[in-house]
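A.B. asks: Put chain X on the given structure of chain Y with help from the hints.
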Amino acid sequence: MSDDITVKDVMKSIFDYPHVPYWFSIGQAAKIIKVSFLKTKKYYSKMAVLVFDEKYNLIGILTLRNVLKSLNPGLLTLCDDVQRDDEQSLSTLSHGGIAGSKEFMERPVSEIMAPTKIFVGPDETLAKAACIMLKNDLPLLPVMEDGKKLAGLVSIADVFDGIASEALE
Amino acid sequence: MILIDRGSHQKLYRQLLEIIKGKIESGEWSVGSQIPTEEELCKTYDVSKATVRSAILELVRQGYLMRQQGKGTFINKSTVSEGIAMQTSLKELMFEDEFSFKTKVIAHTVMMPIDDLDIRLDISPDKHVIYIKRLYLIEDEAILVQETYIPYHVCPLLLEDNIEDNSLFDIVEKKYGIKITKAKNYIDITFLNLNESVLLGLNEGATALLLQQYFYSGDTQIMYTRSVKRIDRINFHMEFERRFA
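Each protein sequence line maps, in turn, to chains Y and X.
Its first residue numbered 1, the first sequence is counted upward by one per residue in my numbering.
Its first residue numbered 1001, the second sequence is counted upward by one per residue in my numbering.
Just chain Y, with the same shape it has in the complex (with noise of 0.2 angstroms):
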């Protein structure tokens, strides 16, 4: 059964994800995202930065949703008219957040990143890490050795294959 497997099993190393300081610009942090996955078609991987503190601990994780949830905070509060395909709200949103989003860009990642709270050990099953990822709705889970070294990161996807390939065995 899938709680045989332990999180250490489908973990993939932090060097997988890109690296970036707590002080970067969201800019920056863009500009990362475009070089490191989108120009090189890397979509298959979780596409999301890491974000450190000067004594390299991780505190924070940097998704694609976070950036664009951030742009124009309109953006949340206009998706119900996005679905009743209301054209004219959603012309005015796209010219608020280009209009806006210069100044957003130099802001630095730790003011929109999600700060890193929940950790996973090594040695625990898949089945615990998949349950605090989807009770909590994280995309990348963090795994600490002896609560304080960083060893990987478990994204839904490294979870979906451990579970399903023994679900299908």
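Hint data in this document are derived by calculation from the structure and do not stem from the laboratory.
No residue lacks a Cβ here, since even glycine has one placed at the ideal position from N, Cα and C.
Please note: incorrect hints may appear among the correct ones.
[To be verified] In silico PhoX-like cross-links for lysine-lysine, where the CA-CA straight-line distance does not exceed 20 angstroms: (1) X:K1049 <-> Y:K31; (2) Y:K34 <-> X:K1127; (3) Y:K55 <-> X:K1049.
[As the list claims (entries may be wrong)] Reference excerpt, derived from the structure (chain Y facing chain X, CB under 7 angstroms, subset only): (4) D16; (5) V20; (6) Y22; (7) S36; (8) L38.
[To be verified] Cβ pair distances, simulated, as ranges: (9) Y:D9 <-> X:I1187: 26 to 34 angstroms; (10) Y:D53 <-> X:E1028: 50 to 58 angstroms; (11) X:V1105 <-> Y:I118: 23 to 31 angstroms.
C.D. replies: Below, chain X alone, put in the same frame as chain Y:
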């Protein structure tokens, strides 16, 4: 007019660099004059902006060109003197042997090469880079802020090392056995940014000495260092030895 040879094994930016260098050395482009814009060069030689940028940056590094913010790129008045090979102790240029210094580690982390760091380190922009920022103190007075960038794959274990009060140079050479065989040094004047001014206890925008160093092991570039030093504590001593062939 010499054009880019796409059949050649030489990288495009290398070829463009040689073409521009030729124009400067032959005097076709005169000293002090402005060179064509990036867009014009792209068009003339049918190459990408990245290629033009790499060629220009390397020529700035080599001292042939000089960039002026908001104005453009110009032929440098003092082009590098060729012919005399000079040697100096690499360590002397690290400022590390001159006095008994202490260092305070401000940052010891990992980043991606932003801005033109990928070109400066000669790596692809999706490669991780170890970033070290240290403050040098002599008798408790902050004199130098040094930022060091090392491609992660060159020395991954450096992330775990204690780098306080240790020479990075010694760690890389003695502990990891990476022999530094060449260093290119560029000395310039700069103005302190906010963070540097706070660290050095000076006003933002104060004049400071900028030393940029590119370190190589054989043909591989292994490190780029940017040091900013306060100018009231400069004591520059270099010995050059002329090598006769």
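A.B. asks: Which numbered hints turn out to be false for this structure?
C.D. replies: Hints 3, 4, 6, 8, 9 are the ones this structure does not satisfy, whereas the remaining hints hold.
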